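Number of protein chains: 2
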Amino acid sequence: MKEYVRFEKSRQRTIGFVPTMGYLHDGHLSLIKRSKEENDVTVLSIFLNPTQFAPNEDLSKYPRDFEKDSRLALESGVDALFYPKAEELYPNNYQTYINVEALSRHLCGKSRPDHFRGVATIVSKLFNIVSPDHAYFGQKDAQQYFIIDRMAKDLNHDVNVVMCPIVREKDGLAMSSRNVYLDPQERQQALCLYRSLEKAEEAITAGERNAQKVKAIIKESIDQNPLAAIDYIETVRTETLEPVDEIEGPTLIALAVKFGKTRLLDNTIVRI
Amino acid sequence: MKEYVRFEKSRQRTIGFVPTMGYLHDGHLSLIKRSKEENDVTVLSIFLNPTQFAPNEDLSKYPRDFEKDSRLALESGVDALFYPKAEELYPNNYQTYINVEALSRHLCGKSRPDHFRGVATIVSKLFNIVSPDHAYFGQKDAQQYFIIDRMAKDLNHDVNVVMCPIVREKDGLAMSSRNVYLDPQERQQALCLYRSLEKAEEAITAGERNAQKVKAIIKESIDQNPLAAIDYIETVRTETLEPVDEIEGPTLIALAVKFGKTRLLDNTIVRI
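Each protein sequence line maps, in turn, to chains A and B. Under our numbering, the residues of the first sequence are numbered 1 to 272, in order. Under our numbering, the residues of the second sequence are numbered 1001 to 1272, in order.
Just chain A, with the same shape it has in the complex (with noise of 0.2 Å):
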């Protein structure tokens, strides 16, 4: 890969990034064709990371289709595939890792304490064998956006952190390879994130700004479907990930809701 990067590098030629965990859907294809508008080349990675899971979690039985993921990346025209083993990127002896401190505490990070922690970790990594000019990252992941943008300005790494549109399903659900996990009934009711941030949205633009008050219009919209355990309803600071008591400025409102052991994110970032 760092041989392939050489030499496209050497040609003048500027690399998008596309980083995975493979299973790909519309959401991953949407990064792939935004960096092929904008870079000569693009990579795209298929790693399940293993760091970013804890013991507790999902890391044996996520989704994969190695065959599928990587006809769509011929199809979509995808320049390079790079599809390490773990014990590539993670050899015996392994022992370094990377924390975004402060963001990492907020949102996903109360329910998942290292979660975080393997996700800069890995992508670092990734980022110094790719060394790319632009990578691409779903909004869907809004947190970890945020922690990669300020990880990668920390670190000096000498790419543009990009955080495309949350692509859905045409009833709205946020597209994710987790989704497959849900059964026809978990299914139907997971429309209530989407449709909970539409209300909130509604409210906001009808002149609502107070944070608990959002709140409580997506508690009651969650609250009507018996499926859904609400992890955290939060409206924070974009950027900072702090909580906000009053909608001002460019806020995110983000959801975590479990249907079963099925954990699902939505967010929306309104702009006031």
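Keep in mind that the hints were calculated from the coordinates and are not lab data. The structure presented is a predicted model; accordingly, all values stated were derived computationally and were not measured. There may be inaccurate statements among the hints.
[What the hints assert, rightly or not] Once the Cα atoms are required to be at most 20 Å apart in a straight line, the calculated EDC-like pairs of lysine to aspartate or glutamate come out as:
| # | chain 1 | residue 1 | chain 2 | residue 2 |
| --- | --- | --- | --- | --- |
| 1 | A | Lys2 | B | Asp1158 |
| 2 | A | Lys9 | B | Glu1008 |
| 3 | B | Lys1153 | A | Glu87 |
| 4 | B | Lys1219 | B | Asp1231 |
| 5 | A | Lys153 | B | Glu1087 |
| 6 | A | Lys153 | B | Glu1088 |
| 7 | B | Lys1002 | A | Glu8 |
| 8 | A | Lys85 | B | Asp1158 |
| 9 | A | Lys36 | A | Asp158 |
| 10 | B | Lys1002 | A | Asp133 |
| 11 | B | Lys1085 | A | Asp158 |
| 12 | B | Lys1061 | B | Asp1183 |
| 13 | B | Lys1002 | A | Asp149 |
| 14 | B | Lys1153 | A | Glu88 |
| 15 | B | Lys1009 | A | Asp158 |
| 16 | B | Lys1009 | B | Asp1040 |
| 17 | A | Lys9 | B | Asp1133 |
| 18 | A | Lys9 | B | Glu1003 |
| 19 | B | Lys1085 | B | Glu1003 |
| 20 | A | Lys9 | B | Asp1158 |
| 21 | B | Lys1153 | A | Glu3 |
| 22 | B | Lys1002 | A | Asp158 |
| 23 | A | Lys2 | B | Asp1133 |
| 24 | B | Lys1009 | A | Glu8 |
| 25 | A | Lys2 | B | Asp1149 |
| 26 | B | Lys1009 | A | Glu3 |
| 27 | B | Lys1170 | B | Asp1183 |
| 28 | A | Lys2 | B | Glu1008 |
| 29 | A | Lys36 | A | Asp69 |
| 30 | B | Lys1009 | A | Asp133 |
| 31 | B | Lys1036 | B | Asp1158 |
[Stated by the list, open to error] Selected chain A positions facing chain B (Cβ under 7 Å, derived; list incomplete):
| # | residue |
| --- | --- |
| 32 | Tyr94 |
| 33 | Gln95 |
| 34 | Thr96 |
| 35 | Tyr97 |
| 36 | Ile98 |
| 37 | Asn99 |
| 38 | Val100 |
| 39 | Glu101 |
| 40 | Ala102 |
Glycine included, every Cβ here is placed at the ideal spot set by N, Cα and C.
For chain A, the structure is supplied; the task is to place chain B on it using the hints.
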């Protein structure tokens, strides 16, 4: 700095890098010499890194002399001197830190628990800025070398981390910017670090393999100096820095000894 590196790389020039905290002495100059022998271009950085000092340590009084340093850099043939400000490398809202976990707990890690987190972080940042082919560190700070070497491998930095021999004053004291802190009496007694290591080497050459006995020889030799307060005397495996009971295979014998507030390091690597 990044532009300079990009330009030199575009001309296929290899880059050697010598990161320092300034107040250059012959130890630093030996690193520059080695870098010039092995690379087309040598970059020297001078940055007194605040994140590797604890609040009670000597950051504020650490010796500095930029005029002399830049003259020595010029005379020794450095091609580029990188001299960033603290607020450039640690801007507002900085929050990303790198831990090399197991290696940082041994030796100096016990009395300086966050020191190597600061070291690993700044060196990874500098590697991302300077993109060196080779980076040079002195054996005097042997634990620092092994941590940086591990960090560079773990994070996939594309750099060869090189350890250079300890450079000593004529009477044997290992060169260190901190030697200027010593008063004449302390300076005289500080020779006990080197001399005790010589005695340990003699004993090992004569057949001693028991680590406790080797450490006792060192302790006895140092204890003859009333101003010397031992922080640690350790015999550890190189690479892992784990304590050994028997001197067998490459073994680092490392000391930290305080004279008043001044903490001095010295070490030797024996290969049996």
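Structure-based check of all given hints:
no.: 1; hint: Lys2/A to Asp1158/B; result: holds, 9 Å
no.: 2; hint: Lys9/A to Glu1008/B; result: holds, 13 Å
no.: 3; hint: Lys1153/B to Glu87/A; result: holds, 13 Å
no.: 4; hint: Lys1219/B to Asp1231/B; result: holds, 11 Å
no.: 5; hint: Lys153/A to Glu1087/B; result: holds, 13 Å
no.: 6; hint: Lys153/A to Glu1088/B; result: holds, 11 Å
no.: 7; hint: Lys1002/B to Glu8/A; result: holds, 19 Å
no.: 8; hint: Lys85/A to Asp1158/B; result: holds, 19 Å
no.: 9; hint: Lys36/A to Asp158/A; result: holds, 19 Å
no.: 10; hint: Lys1002/B to Asp133/A; result: holds, 13 Å
no.: 11; hint: Lys1085/B to Asp158/A; result: holds, 19 Å
no.: 12; hint: Lys1061/B to Asp1183/B; result: holds, 16 Å
no.: 13; hint: Lys1002/B to Asp149/A; result: holds, 19 Å
no.: 14; hint: Lys1153/B to Glu88/A; result: holds, 11 Å
no.: 15; hint: Lys1009/B to Asp158/A; result: holds, 15 Å
no.: 16; hint: Lys1009/B to Asp1040/B; result: holds, 10 Å
no.: 17; hint: Lys9/A to Asp1133/B; result: holds, 16 Å
no.: 18; hint: Lys9/A to Glu1003/B; result: holds, 15 Å
no.: 19; hint: Lys1085/B to Glu1003/B; result: holds, 18 Å
no.: 20; hint: Lys9/A to Asp1158/B; result: holds, 15 Å
no.: 21; hint: Lys1153/B to Glu3/A; result: holds, 17 Å
no.: 22; hint: Lys1002/B to Asp158/A; result: holds, 9 Å
no.: 23; hint: Lys2/A to Asp1133/B; result: holds, 13 Å
no.: 24; hint: Lys1009/B to Glu8/A; result: holds, 13 Å
no.: 25; hint: Lys2/A to Asp1149/B; result: holds, 19 Å
no.: 26; hint: Lys1009/B to Glu3/A; result: holds, 15 Å
no.: 27; hint: Lys1170/B to Asp1183/B; result: holds, 18 Å
no.: 28; hint: Lys2/A to Glu1008/B; result: holds, 19 Å
no.: 29; hint: Lys36/A to Asp69/A; result: holds, 17 Å
no.: 30; hint: Lys1009/B to Asp133/A; result: holds, 16 Å
no.: 31; hint: Lys1036/B to Asp1158/B; result: holds, 19 Å
no.: 32; hint: Tyr94; result: holds, 6 Å
no.: 33; hint: Gln95; result: holds, 5 Å
no.: 34; hint: Thr96; result: holds, 4 Å
no.: 35; hint: Tyr97; result: holds, 5 Å
no.: 36; hint: Ile98; result: holds, 5 Å
no.: 37; hint: Asn99; result: holds, 5 Å
no.: 38; hint: Val100; result: holds, 5 Å
no.: 39; hint: Glu101; result: holds, 5 Å
no.: 40; hint: Ala102; result: holds, 5 Å
The structure agrees with every numbered hint stated previously.
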